[in-house]
Structure formats: C-alpha cells, structure tokens
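Trainee: Read off the chains here:
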Amino acid sequence: MTAPDDHTVQLNVWDVPSATVAGERFRVSVGVRCSAGCNLSGRELSLLDQKGSQVGTVKLGRDVWPGTEALYFAEFEAQAPQMAGSHQWEVKAADGGSELPHATGSLPLVVRVVSPPDCEVAIRAVDRETQTPIKGARVVMHPYRAMTDEDGIAKVRVARGSYDILVSGSRYMPVSTSVEVTADMITTAELDVDEPWESPEEVPA
Amino acid sequence: MARKRDTKPEERKLRESTSVSRREFIKRGVAAGVGTAALGGCASNTVGQGKDSGSIQWDYEADLVVIGAGCSGLPCAIRARDAGLNVLVIDQNFDVGGKMLHSGGQVSLGGGDPCQLRDIAGQADKEGFIKIPPLHKPQDMTEDTDFLFKDITDWSVLDVGAHAPYRYQDREQHRAWADNCPATRQFLMDNYVRFTRIQGTHPGGGISRARRATSFLMLGDKTDIKAGTVTRQDAGIAGKSSSHFAPRFMASAAKWAAPGAVWNGAALTRGLEFSAREKGVRFMLNRRMTEIIREQPFSGRVLGVKASYSPRFTPGTQTRMESYWQNGNIDERRDTIHIRAKMAVFVGSGGHGANPQFRSMFYPAFNEPAFVSSAWALLGPHGQDASGIIAGMRIGANLAGMQQNLGTTQSFHIPPRIATRDSYTDMLPGHPTFPFRRSTGITLGTSSYEHLIAVNQVGSRFFNEMDVAKRYGTPVWPGGPRVGAPKPSLQHVQCDWRNCSPDWVRQMYIGYPALDAAMAMNEGSQPPHYYSGPLWAIFDRGTVERDNWDISSPFTADNGYFFSADTIEELARKIEKGHEFQRVPLKHLSETVRKWNSYVDAGADPDFGRGKDAPMHKIDKPPFYAAAICPVWHDSYGGLRINGKSQVVDTQGAVIPGLYSGGEASGGGNQHGLGRALVQGYIAGGQITKERA
Numbered sequence: 008m009t010a011p012d013d014h015t016v017q018l019n020v021w022d023v024p025s026a027t028v029a030g031e032r033f034r035v036s037v038g039v040r041c042s043a044g045c046n047l048s049g050r051e052l053s054l055l056d057q058k059g060s061q062v063g064t065v066k067l068g069r070d071v072w073p074g075t076e077a078l079y080f081a082e083f084e085a086q087a088p089q090m091a092g093s094h095q096w097e098v099k100a101a102d103g104g105s106e107l108p109h110a111t112g113s114l115p116l117v118v119r120v121v122s123p124p125d126c127e128v129a130i131r132a133v134d135r136e137t138q139t140p141i142k143g144a145r146v147v148m149h150p151y152r153a154m155t156d157e158d159g160i161a162k163v164r165v166a167r168g169s170y171d172i173l174v175s176g177s178r179y180m181p182v183s184t185s186v187e188v189t190a191d192m193i194t195t196a197e198l199d200v201d202e203p204w205e206s207p208e209e210v211p212a
Numbered sequence: 002m003a004r005k006r007d008t009k010p011e012e013r014k015l016r017e018s019t020s021v022s023r024r025e026f027i028k029r030g031v032a033a034g035v036g037t038a039a040l041g042g043c044a045s046n047t048v049g050q051g052k053d054s055g056s057i058q059w060d061y062e063a064d065l066v067v068i069g070a071g072c073s074g075l076p077c078a079i080r081a082r083d084a085g086l087n088v089l090v091i092d093q094n095f096d097v098g099g100k101m102l103h104s105g106g107q108v109s110l111g112g113g114d115p116c117q118l119r120d121i122a123g124q125a126d127k128e129g130f131i132k133i134p135p136l137h138k139p140q141d142m143t144e145d146t147d148f149l150f151k152d153i154t155d156w157s158v159l160d161v162g163a164h165a166p167y168r169y170q171d172r173e174q175h176r177a178w179a180d181n182c183p184a185t186r187q188f189l190m191d192n193y194v195r196f197t198r199i200q201g202t203h204p205g206g207g208i209s210r211a212r213r214a215t216s217f218l219m220l221g222d223k224t225d226i227k228a229g230t231v232t233r234q235d236a237g238i239a240g241k242s243s244s245h246f247a248p249r250f251m252a253s254a255a256k257w258a259a260p261g262a263v264w265n266g267a268a269l270t271r272g273l274e275f276s277a278r279e280k281g282v283r284f285m286l287n288r289r290m291t292e293i294i295r296e297q298p299f300s301g302r303v304l305g306v307k308a309s310y311s312p313r314f315t316p317g318t319q320t321r322m323e324s325y326w327q328n329g330n331i332d333e334r335r336d337t338i339h340i341r342a343k344m345a346v347f348v349g350s351g352g353h354g355a356n357p358q359f360r361s362m363f364y365p366a367f368n369e370p371a372f373v374s375s376a377w378a379l380l381g382p383h384g385q386d387a388s389g390i391i392a393g394m395r396i397g398a399n400l401a402g403m404q405q406n407l408g409t410t411q412s413f414h415i416p417p418r419i420a421t422r423d424s425y426t427d428m429l430p431g432h433p434t435f436p437f438r439r440s441t442g443i444t445l446g447t448s449s450y451e452h453l454i455a456v457n458q459v460g461s462r463f464f465n466e467m468d469v470a471k472r473y474g475t476p477v478w479p480g481g482p483r484v485g486a487p488k489p490s491l492q493h494v495q496c497d498w499r500n501c502s503p504d505w506v507r508q509m510y511i512g513y514p515a516l517d518a519a520m521a522m523n524e525g526s527q528p529p530h531y532y533s534g535p536l537w538a539i540f541d542r543g544t545v546e547r548d549n550w551d552i553s554s555p556f557t558a559d560n561g562y563f564f565s566a567d568t569i570e571e572l573a574r575k576i577e578k579g580h581e582f583q584r585v586p587l588k589h590l591s592e593t594v595r596k597w598n599s600y601v602d603a604g605a606d607p608d609f610g611r612g613k614d615a616p617m618h619k620i621d622k623p624p625f626y627a628a629a630i631c632p633v634w635h636d637s638y639g640g641l642r643i644n645g646k647s648q649v650v651d652t653q654g655a656v657i658p659g660l661y662s663g664g665e666a667s668g669g670g671n672q673h674g675l676g677r678a679l680v681q682g683y684i685a686g687g688q689i690t691k692e693r694a
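Protein chains in written order, with our numbering: chain C, 8 to 212; chain H, 2 to 694.
If we strip away everything but chain C, and leave its shape as in the complex, we get (with noise of 0.2 Å):
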C-alpha cells in the first residue's frame, strides 16, 4: 500500500542473459531509484522465481549506478529452472532500509532456459570488400548472442534447430541468413561498409 507522503521507486533489471542452460546459474543487474532521489544504500532486494518463492536476496550498495544520479544497484546470483522455456520472475523493492517512506516496487523480468546445446556454430564476419574480420560484431541466433572477436569469429553454442543468423558491426549493414544446424558449423558473414552519410557519393549540398 502506498501512502500519501511515500516516494516511489522505480527498478530497472539488465544484463538478463538471453538464453541460460537449464540448472545453470547466472547473474542480472537490479537498479533502484528514488522519485526524490533518496540515498537506497542497503535497502533489501529479492528476486522470485516464476512460482513466487524467493530465490535470493541482496541490498543496495553504497554508489550509484555509472552515469545516474541517484540509481542504486545491485547484482544477483541465481540458478536457472531444470525447465526449458521462459519463466517469469520478479524482483522486488521492500519498504524500509531509508528513514523516509518508500513505496513497494517490483519488475518482473524474464528468465529463458534452453536445453543443453548440442552443436557449435562459428561465425566469422569480414568486411566484404576487403576481407578483413571485424571485431565486436553482433551475432544473433535466437535466443543465442555473442560477438565477434578479435578474428571476426563468434562461436555460438546452439540446440539443433533452424535459426535465422543475425549479423552486424558498426558501421556495417547487417545481413541475416537461415540455417538449419544439426553439427558443429562454420560460416563467413560478409557485411557491406554502411557508407557515412556525408559520403562522396552524396554530399549535402
């Protein structure tokens, strides 16, 4: 129940993996702010799993989140379901910990569980004209991500499947492709430079 004189709060949940292996632990981010900007350090958390049992807890630390002014975090440690799909979980702000009244929050936050992968993709993204890899491209095949290293190679651990493959860097047009993967693959993306928009071909003037 919200009184009169309480501040709200407001929760943002990130890093959220897009994909954990079932009876996998995994980490997520938790931020809380104050309508007034109050100080939340050490307020309690707790994160609940899709049947509402409590599976962790935590308080706020000291500083804000970088780049905030008055976001206070923390992280969870979980462990995914045994079961495959997406689960609804919640994370949720309890009165208390700050001497003013603070409203309850929560925000649920979704927790999708694949099988164990059976199959290694790589992928490997090159500059098409030139042939050169380009580093810290974006890979998706959903629900799997990664990215590029310094070869231009991400290497994606999948379930057998179709995907359709995602494909992009900065500064390059993305390209997508459909697979089907039953073994381990490999494929070459080659990404078109996505050409400034004050290129010679077509200056403002």
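Please note that a few of the clues may not be correct.
Claimed, not checked - Computed cross-link-like contacts, DSBU-like style, restricted to lysine-lysine with a CA-CA straight-line distance of at most 30 Å:
#	chain 1	residue 1	chain 2	residue 2
1	H	K619	H	K307
2	H	K646	H	K307
3	H	K241	C	K142
4	H	K596	C	K58
5	H	K619	H	K588
6	H	K596	H	K613
7	H	K619	C	K142
8	H	K646	H	K151
9	H	K307	H	K127
10	H	K575	H	K151
11	H	K613	C	K142
12	H	K132	H	K241
13	H	K619	C	K58
14	H	K138	H	K151
15	H	K256	C	K142
16	H	K619	H	K471
17	H	K227	H	K127
18	H	K488	H	K256
19	H	K138	C	K66
20	C	K162	H	K619
21	H	K619	C	K99
22	C	K162	H	K613
23	H	K132	H	K256
24	H	K256	H	K280
25	H	K691	H	K575
26	C	K66	H	K619
27	H	K596	H	K578
28	H	K588	C	K99
29	H	K575	C	K99
30	H	K256	H	K471
31	H	K471	C	K142
32	H	K578	H	K619
33	H	K596	C	K66
34	C	K99	H	K596
As the list claims (entries may be wrong) - Partner residues aside, some chain H positions facing chain C, computed with beta carbon under 7 Å:
#	residue
35	T568
36	D602
37	Q653
Quick caveat, the hints were computed from the structure, so don't treat them as lab data. We put the CB at the ideal spot given by N, CA and C, even for glycine.
Following the hints, complete the assembly by docking chain H onto the known chain C.
Mentor: Coordinates of chain H only, in the frame set by chain C:
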C-alpha cells in the same frame, strides 16, 4: 507547465534586436551616409508607386540590386559587375554565402564543360594542384549541350521510389541551363573556384554522363584565395572544430584532386565572395528584403526593393555577428530603407523550407514548426523563409514547379543525425552560429538505428527503425538498377519507355515511407493544427557501449535536444519539461519500452517487423537517453516562374520588366544542389548586362 512554442525563439530575439538597433542608429547617426556615398550619392527620387506607396524616398540606388548573397546571387552580381554595372547585394544574414556556405560545394554541370574537357584530355588544372589522373574514361564524360538537355529532361527516368525526377522540368529554362553550363563552369574557375576531377554526377544532374566536380582548396600556411590555400584552422579539425571561414569541416579531397586538398561549399563560396569584393560588388548584410517595388502593383517595371535591418547577435550578448570579410560592406542600420534598382532586381533569396505556412502547401504535415530547414543555425530566423517568392507573388509573378518537392529525397527527409535541431549538417564549434544549435549531433549510419527505438510525441513507435533514416539513391551517373534505371552508364537509353515500364517498376521499386509515418497525426495531435510533434530516439548505455556512440560535447548538449535519466519514467518527464516543442506528455513511453524489451525476448517485433533485418537489443541498461530525431526540409523546389533568361514572368506569361530570379527562389527544375542556381545566376547577370546595351 509553460505554454509550448509555436514560433521560433529567434523571432522574439529579432524584435528585441530591432528596437536596440533603432537606438543605436540614432546614436551613431552617420553609418548610413557612408554606404550611400559609396554607391554614388543619395538618391532622393520620388517615384509613383500605385495606390499603396504614394511616393518613395530612395535611400540607395544601384544598377542591379541582388537579393541574397548565395549561389545564384553571387554569380549574377559578379557577371554584371564584370560588365561595369554598379551592383549592390543585400542579404538577411550577417555573412555571405547563404546555404551554399554549408554545402558540399559539388557542382554538376556538363554539356562538354571545361572540367569534363580537361579530364577527357588527361590534363591537370592550370595551377597544377590536381595530382591524380582522371576518374572516368573519356567516353563517360563526352557530350554536348544537346545531349545534356535531353538527359535532364528525360521523361522516362524513374528513381526507385517510382518518382520521375526529370519529367517535369521546364523546357525553356533547362534548354538555357544546358546551353550555359560550359560557360558557367569557366566563369566559376575564372573567379577563384577550383574544381576537382569529374566524379560521378550530383542528384538531378542527369544519368547518362559524369558531370560533377567539387570545389576545393589546398591546405597551406595561410588562407589565401588568390593562392588557393586555406589553413588547417580555417578548414576545421575533424570532430573538433569548424571556423568562421567554413562552418563545416573541410574534409580531404585526396581521392579526387590531390593530397592536401580539402573540399566543401566554403571553397566555392569564399572564392566567389572574394572575387565579388575584389571587383567592387558592394554588400549590405543584415538587410532583409521585405518588398519588391513595382511601378504599379501588377504592372510596369520593377523599381527597387524595401528592406529591413535584420542583425543577428551572439546568443546571450548584444554583440552583432559580423561577416568573415568586410571590405565592400555597407554598414546600414536604419530599420527600413528603400533601394532603387536602376536596371534590375535579382531574387536569389533562397527557398521556402523554413516557412511552415508556405511549405505546408506541399506537405500539410510540415506545418509542424519543430522542424526546420537545413542551415537553420547558419542562416537564422529569416533564412529559407520564402520571402523572395512571396514578394514576387505580391507583384504578380507566376509560380512554377510546385509539385517538384514531392518524391525528391533531397527535399524533406529524416537525416541520420540525432540530438540536434539542425540535423542536416554537422557544424562544429568555431563558427559564430554554433551557439544557436549548441550541439553538432550524433551522426549515425542507417545501420546504427538497430540500437534505438524511435517514438513520436506520445512515446509510441511509428515505423521499423531500420528504415527511419534510409534514403534511396537518385538516378545519376552511373545509373543502373540501384538508382532505378534498368541499364547502367553508357548503356542507358534516353527517353526509352522501357526505363519506366510497369514490369521494371515492380522489380526495382523500394519505398521508405518512414517520414510519412513519423509526421502522421497521433494521440497528441490537437486541433486546429494537428501537429505531429517531436520525434525521439530512445536508447541506453548498452547502445553507447555496443556501437561506440560519442554522446559527449559538442555532439550533444543540454539544449533540449538530448536528455539522460536514471529511468524511462524520468526520461519522459525530462523531455516534456525540457523540449520546446514537446506539447504533451510521452504517456506511452514506459509501456513502449517495456513492450519493446518483451519483443527482444521473443525475438520478433509484431508491430513493425524488426528482428528479420538486424539484431534487436533491449533498452534496459541505465542511464537512458533521448535524442531528438529532426526531419528537415533541405532543397526547395517550386518558386517564381522564370524563363530561359532567368526573367520572372507573370501569370499571363509576360516578363515582369526588371525582375530576375534563380536558385531556390525560382521554380521549374528540381536539380539538387548548386548547379541549377549557379547557372541561373550566371544567365541573369549576362541578360541584365545585355539589357543595358
């Protein structure tokens, strides 16, 4: 909440400034007399002016009065001056150049122009700056003016949006344009403009031959137009600074000219300006034409103009901004003066892209005052305000080409630059007008839209973000399917029905109506104007890290066009409070972000089809950011109707004696960029001279 604005803050500022100027004029007294004497003595003729004007006390007189010191006005002024005419150029801004100054300085002419001939012969420029060989084969540049005329009036050419960029060109006007291209190129080069190798063609310059050369200067120890050099400081430093000389960083032209060459519209503008001043053209800056005076309201000869004082002041000060060069300037500060044009008035005052009332004649959604014309900061509140067109209409001028704004991607569009109102250009600190915009903006490739969601004034998404800033290519050399032509380069057949057959259109059509969705009415659109409202790119720290966005100063600023917040809810509140045109709460923003994140979890976007073309990313890692997405009206097509001599004609097809126009103040052609305006100014300057003879 304070009432949100329907007008621009600069307009208020101008009214304040005007009252100050009146006091200053009384105090200083003599300023006007200096300019008058310099023009050959105060003219006090009394002239009949029909029923409204009674008699006029002329404050100045000149053979030719040019309205607008831009890319049509300068060549007109120089050419007339070359023939010995007394020429006065007035401009509403504090500096010379108009929109040309922030342009790319790319000039597509052709018809066998001197740059084409030079490159065909494999020669360098006469100063020997150019060190690289020609970029095109001789046959790619070989043509005559007949061929050029046919190319720029080719009815069969379509772009990939199925618009016909050349079909509706005024024929007399473009015959004259083509015929004068070679001479205009030579004229420009004779007036301190250096051109690179021919390199492709600029939009609207035709599809069948390569015709574009870009103006450049060489980096040197001093900025010296005669020597063709500019200092690194004046050319600007990439990502850090521009200068009074060049409002935009002048990038390397090594690929088209030589190592050490730098290019853009400053090289073109400053060359022409230097030449004009050197030859004795006089400039009265800070002077906005408000009326063209004709013997009778709709008949008789044009006699001159009425013009008001329009100074601009550095924000937060009473310091008037001054032009880069001042020799030849007349510092006239009276509120209103009358200038007699003994021979002609040339209207080169630019287009209508900054006038919401005028431009909404073409696209009603662009009545939204939040969105400005390109060069908004550079040109100030009266830039691109249709004033020349309106003044012409008031004395009976006809209009032409009013449909040519539509379907031209250089006209209104969404530039891929966010966090600045002046989204067309990337001006950096250093130019006197930077404080008006305060942020350069974050320049994105269209691919970077992968990392944001775009929302309207109520916080709802409106289109697939990957297509928001896409613009399709226009039919220019070397042509081909990418720009809508079935056959590339020399294989293109002019005026061939196959270029626009239904089968071909079905194959090549690509449409990106994101702008139309962006400017559609929404829940926040209220009568009577139904403004679509501001647009916002919403992103997070994850975006900045993943795609290496630089959100520091000067790319962003605390100027109401960029916000950061700990939470999405706070972000919505900050936008509503801090953006001058955010008239309603972004009531859906939190739900939109929540829904978007659920789509990322699901791997599909049922609303707009994201997820098939590029990765999707959650917006969940604080802090959260909002950066303004600002559609811009760049090119203006449609304006005063002119004939092949750049004479303005009335609704009966009769020439209005003594009135000329060119560039974006005129209509009938939709060539992007500078080529059209430069040639029309050149034609007008010659024709006015002939009239004297």
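Trainee: Each of the hints needs a verdict: does it hold here or not?
Mentor: Verification of the hints:
no., hint, verdict
1, H/K619 to H/K307, "violated (58 Å)"
2, H/K646 to H/K307, "holds (25 Å)"
3, H/K241 to C/K142, "holds (26 Å)"
4, H/K596 to C/K58, "holds (23 Å)"
5, H/K619 to H/K588, "holds (20 Å)"
6, H/K596 to H/K613, "holds (18 Å)"
7, H/K619 to C/K142, "holds (21 Å)"
8, H/K646 to H/K151, "holds (19 Å)"
9, H/K307 to H/K127, "violated (43 Å)"
10, H/K575 to H/K151, "violated (55 Å)"
11, H/K613 to C/K142, "holds (22 Å)"
12, H/K132 to H/K241, "holds (28 Å)"
13, H/K619 to C/K58, "holds (25 Å)"
14, H/K138 to H/K151, "holds (21 Å)"
15, H/K256 to C/K142, "holds (27 Å)"
16, H/K619 to H/K471, "holds (22 Å)"
17, H/K227 to H/K127, "holds (13 Å)"
18, H/K488 to H/K256, "holds (27 Å)"
19, H/K138 to C/K66, "violated (71 Å)"
20, C/K162 to H/K619, "holds (21 Å)"
21, H/K619 to C/K99, "holds (21 Å)"
22, C/K162 to H/K613, "holds (21 Å)"
23, H/K132 to H/K256, "holds (10 Å)"
24, H/K256 to H/K280, "violated (33 Å)"
25, H/K691 to H/K575, "violated (61 Å)"
26, C/K66 to H/K619, "holds (25 Å)"
27, H/K596 to H/K578, "holds (24 Å)"
28, H/K588 to C/K99, "holds (24 Å)"
29, H/K575 to C/K99, "holds (26 Å)"
30, H/K256 to H/K471, "holds (26 Å)"
31, H/K471 to C/K142, "holds (25 Å)"
32, H/K578 to H/K619, "holds (26 Å)"
33, H/K596 to C/K66, "holds (28 Å)"
34, C/K99 to H/K596, "holds (20 Å)"
35, T568, "holds (4 Å)"
36, D602, "holds (5 Å)"
37, Q653, "violated (35 Å)"
Against the hints set out earlier in the document, violations occur for numbers 1, 9, 10, 19, 24, 25 and 37.
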